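Each chain is listed here by its residues.
There are 2 protein chains.
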Amino acid sequence: MTQEDYLHKAFLLSTKANINDIRPNPYVGAIIVNENNNIIGEGFHKILGGPHAEVIAIKDALLKQSNLSKCTLYVTLEPCSHFGKTPPCTNLILAHNIKKVVIGSLDPNPKVSGAAILREKGVEVVELFQSEIQELNKCFILNQMARRPFFQLKVAATLNGKIADRNGNSKWLSNSLSRQYVHEQLRHNVDGILTTAKTVIKDNAKLNIRHANEADKELSVVVIDPRLDLLKPENKDLEIFYPRVQSKIYLVTPLVNSITNPELQNYPIEILKMPFNNGKVDISQLSQILLEIGFYQILIEAGGKLNSSFLEADCVDELYLFITPKIINDNKAIGIFENEENQTLEEGKKMKLKQVIQLEEDVLMIYKKLN
Amino acid sequence: MTQEDYLHKAFLLSTKANINDIRPNPYVGAIIVNENNNIIGEGFHKILGGPHAEVIAIKDALLKQSNLSKCTLYVTLEPCSHFGKTPPCTNLILAHNIKKVVIGSLDPNPKVSGAAILREKGVEVVELFQSEIQELNKCFILNQMARRPFFQLKVAATLNGKIADRNGNSKWLSNSLSRQYVHEQLRHNVDGILTTAKTVIKDNAKLNIRHANEADKELSVVVIDPRLDLLKPENKDLEIFYPRVQSKIYLVTPLVNSITNPELQNYPIEILKMPFNNGKVDISQLSQILLEIGFYQILIEAGGKLNSSFLEADCVDELYLFITPKIINDNKAIGIFENEENQTLEEGKKMKLKQVIQLEEDVLMIYKKLN
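From first to last, the protein sequence lines stand for chains A and B. If you read the first sequence in my numbering, its first letter stands for residue 21, the second for the next number, and so on. If you read the second sequence in my numbering, its first letter stands for residue 21, the second for the next number, and so on.
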C-alpha cells in the first residue's frame, strides 16, 4: 500500500462519524502503520468533546506493540497543538516518539500549528493533501476561514430559470423525488433553514424534515422578517408554528419589539435585531451572529431577491439547482436571482459544476463557489 | 430470437443510411426470416429514389431460396401501397406469397395503407411498434403529420436562464465542447438554421458547420428580417456572406423588395414574402413554405423573442439547452424565452426530458415536445 492508500483508509474511517455528533468539529480519521507495514492502530473522531482520532489510534496501537518509535501516523487533519476540549495531540505523538506523520489536510485554525511543532522536534512530517478530505470538511474549513456558516442555496426552477409565476405561485415545480432529496440530503444535514417571511407566508411552508419512513424532524428556521409579519395574529396558524421541542424560529428584523402575539408567548421564537439597508439585511453581520448561535451549515430556501443578495455577498457556497421540465414564458415571472441593476456578462459570477443528478424528469445540478 | 429481436436487427440495418442521402424519406430496414428461423435476406433504404428496404431484402433472399411462401418479412415501417418514386412494395410481397409481415411502425402518410391491403389478401400482419423506430424517424413522422419542418431549438444559457446580458452580449456563454456539439450533432443534421437579422448582426455569426478535422460546410440560413437589414450596405461584410455554392440565405420579410445592394446581386439570396403581425412572422405559413422549399429539419438559433413565438406556436419539437456555470444577475438580461404577457404556472408549457449530457462544466439537457 502507498502513503495515499493509507491516507485514503484514514479518510474512510473518518466518514464513520455522524456530522450531528461532531459539529462544529471536522471529520478526522487516523491510522498507525508499523515498521512491517502492518496497520496496528485505527481511530476516528466520533463525538464532540471526545478523544481525537490520533489519540484513539495510538491507544489502539499500544495494545499490539509498546514501542511506536518506528511507526508512521496517517491522519486526515493536521494534529492539534493547543489545549482545547482535549490536550494537544502533538504532545502524545512526541511522547511515543512516532518517527513520521503523514497529514491529509492542514487545520485552517491559526491556533493549530501541529505540523511545524512536530518538525521542530525532529518528526518527519509529510503533507499529502487530498481533495476528498477537503470536500468532506468543506463546512468546517469555511467556518474557520470565513467565520460564518456554510451556506447552501436550494432552488427549484423551470428550465428557463423561473422559480414562481408573477403571482408567486410555485407549488409544485419540482417532482416528488426532488423534494425527497431536499429533505433527506439537504435539510437533514444542516443546522437550520434561512428564508423570508414572504416565502413562509406565501407557501405556508412547514420547513421541517420529512423522511419517507421516519417520523418528521424539527429544524430551526431563520426568517428575514423586517416588519415581524409572522407575529401578526392572522399568521398564527401557519404550518411553521408546529410544536417545537428542540428547535427555534429566529426572526431577523431591524425593529425593537417584543412578541406581542399572546398565542406565541410560549413558543420558541427569538428576535435577532440586525441593521437593514434599503430593506436588505446586512449579510455579513447576520452571518457572524448565526455562527455564534451555532448555525454552522444553513440551507437557504427563499425567493429571488434574497438569493441575489447572498450571491452578491459571495455567500453562496453551494447551489443545488433543481430544473423541472416546465416553462413559464413570462418576463415578469420570478427568476432564480432577482436584481434590478445592470450586470454585464463579464461582471457575472462563475461557479464550479460539481455534479449532475437526474431525478426522473428533474435535473439536479450542484455547483460550488469558485475560490 | 424473438420477433422483437428480428425487428431490432432490421432497425439497426435501417440506421446504416445517411440521413442526407434519404431525406425526406424515413430510415427503413427489412429482414427475411425463413421457416428454419434463418435470416436469408437483408436490406435498408439507402438513397432517395432508390429501392425500398423490402425490395432489397426480398431480392437478397431470392438468391438463397426461390420459394418465400413460408417466410416472414420484418420491416421497420409499414410497406408502401402506392406508386411513388418506386412501385408499391405490397405488390412484391404478395407476388412472392410471403405469409407473414411484422411491422415496426405505421406510415403516417394517409396514402399508405399497406398493412390493410396485405391483410385483405390474407397475409398475417403483426404490428409491433418500437419506440426506437419512432425516435429515429421523428422528423419524417412530424413532416408527414404536421406538414411542417421538425424544429429543434438550441439555446445556450446561464444557470439562471439568461442567454445574453441586457446589452445583448452572449459571446461566449458555452464552452468549446458545447459549441462542437452544436456543429457536429445539431447543425450537421439539419437542412438549415432559422435565426433573426438581429442575431446575425449582433453576433456576426457565420452559421456554417465547422468540424474539428474537416473542412467547413455550408448551411442554408433562414433569417427573419422584416426590414431587410441584411441588405443594407453597412452589413455587406458580415460573416454570413461567406462564398456559397450549395446553400442560400432566405430573408423573411413582409416587404416587397428586390435586392438593392449591388454587392449582393450575384449572391444566393432569396426573399420570402410573408405576412407579419405586430412585427412577428406568421409561423404557420412560414413553416408550410419552408417544408415546400425542402427544409425538413431546422435548427433555431435566435433570441428570446423568436424562441418564445415558436414555443407559443407549439413548434418547438426538441429543445437543446446548454447550461453554463455562470450567472448574469440582472432581471433585464435576456431570457431563454422573452414574453411580456402574463403566464401563470398552470398555463406554462411542459416538455419531456429526453437526455442529460455533461460537457465538462456545461450541462446539455435535451427536451422534446409533449404530444
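Certain hints may be false.
[Unchecked claim] Going by beta-carbon spacing under 10 Å, a handful of chain B positions derived as facing chain A:
{"id": "1", "residue": "N228"}
{"id": "2", "residue": "I229"}
{"id": "3", "residue": "L331"}
{"id": "4", "residue": "Y387"}
It is worth saying that the hints were derived from the structure and are not from the lab. Please read all numbers here as calculations on a predicted model, not as lab measurements. Backbone N, C-alpha and C define an ideal beta-carbon position, used for all residues, glycine too.
How the hints compare with the structure:
For B:N228, the shortest C-beta to C-beta distance to chain A is roughly 24 Å, which exceeds 10 Å, and the interface hint is violated. For the restraint placing B:I229 at the interface with chain A, the shortest Cβ-Cβ distance is roughly 26 Å, beyond the 10 Å limit, so the hint is violated. Interface hint at B:L331: satisfied, since its Cβ lies 6 Å from the closest Cβ of chain A, which is below the 10 Å cut-off. Annotation: B:Y387 was flagged as interfacial toward chain A, and the flag holds, the nearest CB pair being 6 Å apart, inside 10 Å.
Going down the numbered hints, you'll see the structure goes against 1, 2, while the others check out.
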